[in-house]
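J.: Chain by chain, the residues:
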Amino acid sequence: MAYFSKHYHNPGTEPGTLVAKSDLGRPVTIHLIDYTEDHLEEVRLANAADCREYLERESKTWIQVNGQADPETLRNLGDLFDLHDLALEDVLNTGQRPKLELYDDQLFIIAAMPFYNGDKLDIVQISLFIGKNYLICLCPLDEDPFEPVRKRMRLANNRRFVTRDIDYLLYALLDLVTDSGFPVLEQFGYQLEEMETDLLENPNQRTLARIHGLKRELLVLRRVLWPQRELLTGLMRTEDPLIHANTQVYFRDCHDHSVQIIELLESFREMATSMLDIYLSSISQRTNETMRVLTIIATIFIPLTFVAGVYGMNFQNPDSPWAMPELGWYFGYPMAWGVMIAIAAGLLWFFKRRGWM
Amino acid sequence: MAYFSKHYHNPGTEPGTLVAKSDLGRPVTIHLIDYTEDHLEEVRLANAADCREYLERESKTWIQVNGQADPETLRNLGDLFDLHDLALEDVLNTGQRPKLELYDDQLFIIAAMPFYNGDKLDIVQISLFIGKNYLICLCPLDEDPFEPVRKRMRLANNRRFVTRDIDYLLYALLDLVTDSGFPVLEQFGYQLEEMETDLLENPNQRTLARIHGLKRELLVLRRVLWPQRELLTGLMRTEDPLIHANTQVYFRDCHDHSVQIIELLESFREMATSMLDIYLSSISQRTNETMRVLTIIATIFIPLTFVAGVYGMNFQNPDSPWAMPELGWYFGYPMAWGVMIAIAAGLLWFFKRRGWM
Amino acid sequence: MAYFSKHYHNPGTEPGTLVAKSDLGRPVTIHLIDYTEDHLEEVRLANAADCREYLERESKTWIQVNGQADPETLRNLGDLFDLHDLALEDVLNTGQRPKLELYDDQLFIIAAMPFYNGDKLDIVQISLFIGKNYLICLCPLDEDPFEPVRKRMRLANNRRFVTRDIDYLLYALLDLVTDSGFPVLEQFGYQLEEMETDLLENPNQRTLARIHGLKRELLVLRRVLWPQRELLTGLMRTEDPLIHANTQVYFRDCHDHSVQIIELLESFREMATSMLDIYLSSISQRTNETMRVLTIIATIFIPLTFVAGVYGMNFQNPDSPWAMPELGWYFGYPMAWGVMIAIAAGLLWFFKRRGWM
Amino acid sequence: MAYFSKHYHNPGTEPGTLVAKSDLGRPVTIHLIDYTEDHLEEVRLANAADCREYLERESKTWIQVNGQADPETLRNLGDLFDLHDLALEDVLNTGQRPKLELYDDQLFIIAAMPFYNGDKLDIVQISLFIGKNYLICLCPLDEDPFEPVRKRMRLANNRRFVTRDIDYLLYALLDLVTDSGFPVLEQFGYQLEEMETDLLENPNQRTLARIHGLKRELLVLRRVLWPQRELLTGLMRTEDPLIHANTQVYFRDCHDHSVQIIELLESFREMATSMLDIYLSSISQRTNETMRVLTIIATIFIPLTFVAGVYGMNFQNPDSPWAMPELGWYFGYPMAWGVMIAIAAGLLWFFKRRGWM
Amino acid sequence: MAYFSKHYHNPGTEPGTLVAKSDLGRPVTIHLIDYTEDHLEEVRLANAADCREYLERESKTWIQVNGQADPETLRNLGDLFDLHDLALEDVLNTGQRPKLELYDDQLFIIAAMPFYNGDKLDIVQISLFIGKNYLICLCPLDEDPFEPVRKRMRLANNRRFVTRDIDYLLYALLDLVTDSGFPVLEQFGYQLEEMETDLLENPNQRTLARIHGLKRELLVLRRVLWPQRELLTGLMRTEDPLIHANTQVYFRDCHDHSVQIIELLESFREMATSMLDIYLSSISQRTNETMRVLTIIATIFIPLTFVAGVYGMNFQNPDSPWAMPELGWYFGYPMAWGVMIAIAAGLLWFFKRRGWM
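Note that the protein sequences, when read in sequence, are chains G, A, U, V and L.
Note that the first sequence ends on residue 520 in the numbering used here; no numbers are left out.
Note that the second sequence ends on residue 520 in the numbering used here; no numbers are left out.
Note that the third sequence ends on residue 520 in the numbering used here; no numbers are left out.
Note that the fourth sequence ends on residue 520 in the numbering used here; no numbers are left out.
Note that the fifth sequence ends on residue 520 in the numbering used here; no numbers are left out.
One thing to keep in mind: the hints can contain errors.
Just so you know, same-sequence chains aren't split out, so a pair can sit in one copy or run between any two.
[Stated by the list, open to error] Within a straight-line C-alpha distance of at most 16 angstroms, the following computed EDC-like cross-link-like pairs (lysine to aspartate or glutamate) qualify:
| no. | residue 1 | residue 2 |
| --- | --- | --- |
| 1 | Lys262 | Asp307 |
| 2 | Lys169 | Glu393 |
| 3 | Lys314 | Glu177 |
| 4 | Lys283 | Asp197 |
| 5 | Lys262 | Asp213 |
| 6 | Lys295 | Asp213 |
| 7 | Lys262 | Glu252 |
| 8 | Lys314 | Glu252 |
| 9 | Lys169 | Glu426 |
| 10 | Lys169 | Asp201 |
| 11 | Lys295 | Asp328 |
| 12 | Lys262 | Glu426 |
Derived by calculation from the structure, the hints in this document are not laboratory data.
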């Protein structure tokens with residue numbers, strides 16, 4: 164459903180209820196990276212409960228959970244990392260608006276990553292929990308969008324990740340999420356350009372449907388990008404000890420991108436609205452042109468046909484000099500043509516003067 | 164009446180006046196739950212005055228009054244719980260905007276619960292008074308919308324309600340009220356989708372009426388949801404001792420839902436407005452197509468009819484070589500057809516080139 | 164004049180100039196109520212200067228001046244109560260925007276009371292001066308709109324007025340002024356509903372004029388209601404000693420009404436704008452339907468008429484087998500009908516398929 | 164040029180550059196009033212440098228410079244009164260936005276005075292410098308708009324000016340400038356009313372051009388009035404020692420007028436926009452009516468003409484009973500009329516039922 | 164591409180990555196001015212690393228880098244002046260939004276300079292780094308837009324630059340960048356005026372495309388001018404020691420210009436939007452006029468043609484008095500003309516009364 168895509172429990176349900184969705188796909192995959200300045204260890208876990216051993220180490224741990232989260236996994240994670248019931252409910256009921264929640268020694272972040280799935284805009288909810296030395300990232304997609312970050316981490320000479328705290332990893336993930344807006348808007352830009360050409364050259368119902376669809380997608384995107392910006396503002400300004408001052412420079416950069424994406428989006432929205440007006444004007448213009456052709460042809464021939472009709476009448480009274488004497492004149496027929504040509508010429512001159520031809 | 168549904172006293176009436184409405188339906192039903200950590204007692208009261216005995220106990224008491232409140236009941240409650248005259252007037256004159264009033268040792272809350280009554284949006288005013296160990300909830304509907312909360316309370320293992328203060332009960336009720344927005348918006352979403360299909364495939368006057376009706380409902384809903392959000396912000400931030408810090412996490416969640424509902428609503432409004440433009444464009448497009456058919460047919464046949472008309476003229480002068488000699492030519496008739504076919508072909512070519520066919 | 168109804172002095176006039184308007188109607192009537200906890204005295208004064216004796220008493224005094232104020236009366240009041248020149252000018256030049264001015268030991272308030280005068284919206288400027296124990300209220304109408312308040316005061320058992328300070332009287336008057344908005348908006352609501360029906364069923368130029376007129380009235384009303392809300396916010400929050408904390412609860416109620424009126428007004432404005440779009444769409448829809456009828460009829464008969472025209476031609480050459488041999492065929496005439504019926508049927512089928520019939 | 168009327172130096176020019184404009188008209192006239200409580204002296208100066216002697220006196224001095232300022236005069240004034248280069252540049256490059264600049268012991272004010280020059284809106288930039296005991300006012304018009312203020316000053320009994328400081332004179336001038344908005348808006352109001360009548364009764368291209376022109380003028384006016392309001396807010400609230408508290412009451416009055424003018428302007432803008440919609444609707448309505456007349460006439464006569472055409476065919480085969488036997492029937496002709504009348508009546512009934520007649 | 168012109172790295176790229184663009188044009192040119200109160204030295208450097216020697220001097224140094232910056236140059240500058248990685252990335256990825264970043268002892272500024280490149284709006288990103296005694300300005304254009312500033316510096320008597328700190332140079336550059344908006348808006352103003360004339364006199368599809376293009380350019384311009392204003396506000400208010408109080412007067416002037424440009428732009432946008440409405444109205448008006456001509460001609464001649472058609476029928480039964488006896492009447496033919504003239508006159512009278520002629 165295009166307009167309403169939020170999952171919600173029935174009103175009156177106990178807060179923090181975790182119910183498995185009926186359309187659960189493949190089981191989640193858990194990818195864990197544990198790293199210190201000296202080593203980096205990557206493992207795939209079968210079960211969320213297996214994170215426990217890494218939790219007790221001093222090292223930093225990134226737990227990436229891909230795929231539709233099931234209540235079981237969430238409850239396990241919740242118990243291990245002491246996650247709030249309401250937060251877990253938000254992870255399960257995807258379609259939440261981006262936000263930043265400050266818990267006592269934990270941050271809970273919901274971000275929204277837009278991408279083009281074929282020729283359709285999709286927005287995926289990324290849920291992040293960050294504590295002193297762990298970061299849990301849950302993404303309902305089956306394939307992991309954060310592979311580029313993992314690649315950078317694996318580079319032996321990349322000291323940024325290992326020398327900095329876990330908040331730099333948070334930045335790296337959110338930066339990727341934010342920048343995902345650029346290719347999406349680029350795509351929108353291409354579409355706007357195509358529509359614009361269509362509009363002025365060959366407006367039709369399909370163009371209209373496309374503009375409308377684009378407007379809807381822009382609205383959907385906008386609904387998540389504004390709170391995402393607030394989230395980044397929050398991270399940029401927070402005094403929470405989990406976010407260090409020297410990482411905030413990076414969040415500021417990320418925030419700048421977010422602002423720029425929103426500004427582009429807003430101007431795209433305005434152009435899309437303006438295109439609806441142009442569509443209407445183009446159609447009216449075409450109707451006007453069609454009308455003009457009809458009017459010229461009809462207006463010229465209708466009087467001529469009338470003249471021809473007159474001399475097609477059958478008045479005949481041999482005794483009457485009034486019974487269509489023209490029909491018997493020597494130059495009757497050429498005269499009729501003369502009248503008709505004069506009428507046509509006069510009308511053509513009239514249309515020329517009006518600027519219709 | 165669709166546009167103005169507020170009850171009000173004549174200007175100049177004494178503040179706090181309680182006048183029975185003429186259309187009083189069934190008498191109110193009073194449902195009381197009294198609970199401590201150890202027990203939970205449910206009774207149905209015949210009269211508001213019977214609450215007195217529970218008021219004096221240490222236990223927490225939830226008094227649910229369903230049905231159109233009569234002045235008598237309100238006055239009784241007012242005397243018992245020391246409710247402000249203006250608050251009681253607001254309870255009686257339903258259609259108030261949601262608000263939070265802080266009295267000395269009492270909160271007065273007006274909330275608005277939207278729901279679909281058949282295929283019509285209805286908004287019911289929920290009035291709440293909360294004191295140290297009581298909560299009074301008045302709902303003008305005959306059937307109790309808060310039954311799901313009561314069910315949760317009755318569950319023996321549900322410690323949340325009994326171990327927490329009365330503000331958690333307030334949260335549970337307001338959460339239900341807020342979340343009622345989701346099914347309503349889902350309904351709106353379905354309607355928008357239907358209209359969209361109609362618009363692009365078969366726009367007609369009925370679609371127009373539906374869009375207009377939807378816009379009106381969105382406006383009505385919006386009028387109550389914005390102040391409702393403010394009310395939740397107030398509860399989330401208040402330092403009133405009746406609302407505890409650990410309940411405010413829950414109000415924050417409730418507030419988040421409220422914001423999300425409003426954002427959806429605003430984008431629905433925008434889409435509805437955009438649909439009006441699309442309707443207009445679709446109609447113009449259809450007019451244009453109709454015009455084009457007319458123009459093609461008329462423009463082709465009018466000149467042909469003229470030619471036929473010409474040779475239907477009766478010029479006859481046996482002496483004149485100018486009296487329609489074509490009529491007597493050997494190939495006169497085929498020639499006339501030739502002229503007509505040439506004209507038709509020329510016009511068809513012209514329309515093709517214009518892209519009209 | 165509908166668009167500009169403000170009275171103003173020529174630019175460059177001395178501030179505080181009081182000039183009698185040319186269209187002065189009946190002389191003002193002055194109605195004075197003097198009351199303490201023990202007594203209530205009502206008198207009608209011939210002259211503003213007669214207030215002096217009441218001014219010196221301890222009792223509270225309400226001076227109500229009805230009718231177009233003349234410079235003489237204003238100057239008398241100004242001298243007696245030490246009113247500021249600029250304030251008096253504002254009283255005289257009606258059409259001011261509502262405001263609250265805090266002078267040293269006096270408040271000056273301008274409020275706007277909307278009401279329906281026949282079927283036309285009228286807005287009357289109420290000017291109020293309030294001091295320690297007096298309230299002066301000036302209303303340019305000949306009949307006193309505050310009679311309901313006076314009635315309440317006269318009730319022997321109404322202790323509210325007499326036990327409270329003069330600010331409660333101020334509240335009572337402003338409450339009446341504010342609540343006057345409800346019947347006006349109810350009236351607007353009825354009109355919108357009527358227009359809506361008209362629009363969808365029978366849109367015409369008169370409907371257009373009505374929508375336009377309503378929009379103008381909504382704008383005029385809006386122009387006074389927003390500052391009126393600010394005025395009430397001011398009173399609700401002021402720390403001026405003339406307004407007591409326990410009266411501010413009442414001003415808060417009044418402010419709530421004001422906000423609700425404004426919100427209704429704004430949604431009415433939006434609906435009125437939306438109606439203009441619907442009007443346009445309806446007209447286009449009708450044009451489209453008219454066009455379709457014309458197109459169907461014309462498109463069917465124009466080719467038929469052509470066929471008839473062809474067989475009305477007079478080609479005659481007894482020697483030529485090409486001279487309209489059809490005319491002499493045995494089944495020529497039925498064949499012509501056959502051709503015509505086939506054309507008509509084909510076109511009808513075409514229109515059906517297009518969904519035009 | 165209607166859209167861009169700002170004077171500016173080429174980008175990269177030295178700040179504070181004073182270049183004579185090419186279209187310098189008449190030389191400036193300098194009118195000086197020097198006054199204390201006891202005397203008032205008026206002189207006309209040939210040269211700006213002649214102000215020096217008055218500068219040294221204790222008395223208050225008002226220097227009014229009318230006409231297009233030349234660089235020479237500005238430099239003289241600048242040297243004498245120690246005016247900032249950037250301020251002088253702003254005086255020369257008229258078309259600045261209104262503003263208040265606080266220098267150390269000087270205020271620099273740019274205000275905008277709208278007026279109707281014939282039937283065209285004109286906005287003139289008034290530049291004011293105010294110091295401890297002098298006020299310099301520069302107005303590029305040749306005739307002095309501040310004559311009314313001067314008249315008031317000359318009145319022997321007008322103690323306001325002489326007993327107060329120079330800031331009261333500033334108020335008097337700005338009050339005149341602000342109030343100039345009222346007659347302009349009154350003029351706009353008249354025009355709106357005229358257009359409204361035109362729109363609903365006889366919409367044509369000229370009305371459209373007028374609405375468009377009015378919108379442009381409203382936008383131009385708006386562009387200066389908003390910053391002018393800010394300027395007055397600044398004066399009303401400033402703690403600069405040059406503006407005394409008892410004059411600020413007057414600036415508050417002036418600010419009120421400014422707000423009222425802006426609110427009127429905004430509602431005029433909204434009405435002008437609404438008029439464009441109404442224009443479009445009126446045109447569509449007229450097209451619809453035209454169409455309906457055409458459709459009725461054409462739809463009635465086209466089938467009739469077809470019937471007439473049928474019986475104008477020349478099928479003749481003496482041997483065939485199928486060769487238009489109707490033509491030979493006794494009641495053939497009346498029957499043809501009967502068919503035609505029946506068709507016409509049926510169509511008329513159809514149109515009536517559709518509500519088209 | 165008109166809608167999306169931002170350069171960006173793929174999401175997930177390491178922050179601070181500097182990758183050479185594929186379309187690198189000519190190598191950069193570096194123009195260095197080193198000046199104190201006593202001397203001014205200008206050199207062209209081959210390589211960014213050559214700046215080192217000037218860096219160590221006490222004198223102020225302006226390093227102007229023109230042309231598309233290559234990663235090599237940026238890295239050199241970055242090492243020399245200790246520039247932040249993210250800043251360098253922003254310099255490379257042009258199309259950033261204007262901003263002011265405060266680093267420890269450095270300011271990083273991105274500004275946007277609009278100009279007309281032929282008849283197309285272009286916006287070039289100016290990047291500025293300012294430290295205690297150096298200013299680095301990077302401009303991707305091949306030719307240096309700041310030549311006018313350099314000229315002013317070279318003037319022997321121009322003491323402003325040499326006696327003031329490097330922030331005055333910053334002002335001079337930003338002033339030029341800001342004021343570049345004026346010629347651009349002047350150009351827009353001319354175009355609006357042309358379009359307006361077109362619209363009212365001869366609206367066509369080309370006008371529509373122009374309005375649409377202008378709107379897009381206005382949106383693009385707006386997207387950079389709003390943050391540019393914020394940047395100037397930042398400089399005007401900053402307490403950073405690099406910006407001195409006496410230079411802030413100049414930034415205030417610059418900020419004023421920026422505000423004025425934005426206000427003009429916003430009113431241009433509004434006029435452009437209004438023009439779309441006018442276009443639509445004009446087209447509708449023309450359609451209406453075309454329709455009226457068609458309707459008049461068709462409505463007059465269609466009934467006449469019908470009459471002619473009637474008397475062209477061939478009813479013939481010598482025995483029947485009903486077989487078109489009119490054809491044999493003595494005055495039959497004149498009577499037919501009489502009927503036709505009466506019909507035409509009646510219709511003309513009808514059209515006159517309707518105001519259609």
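J.: Hints the structure violates: just list their numbers, smallest first.
T.: 1, 2, 4, 5, 6, 8 and 10
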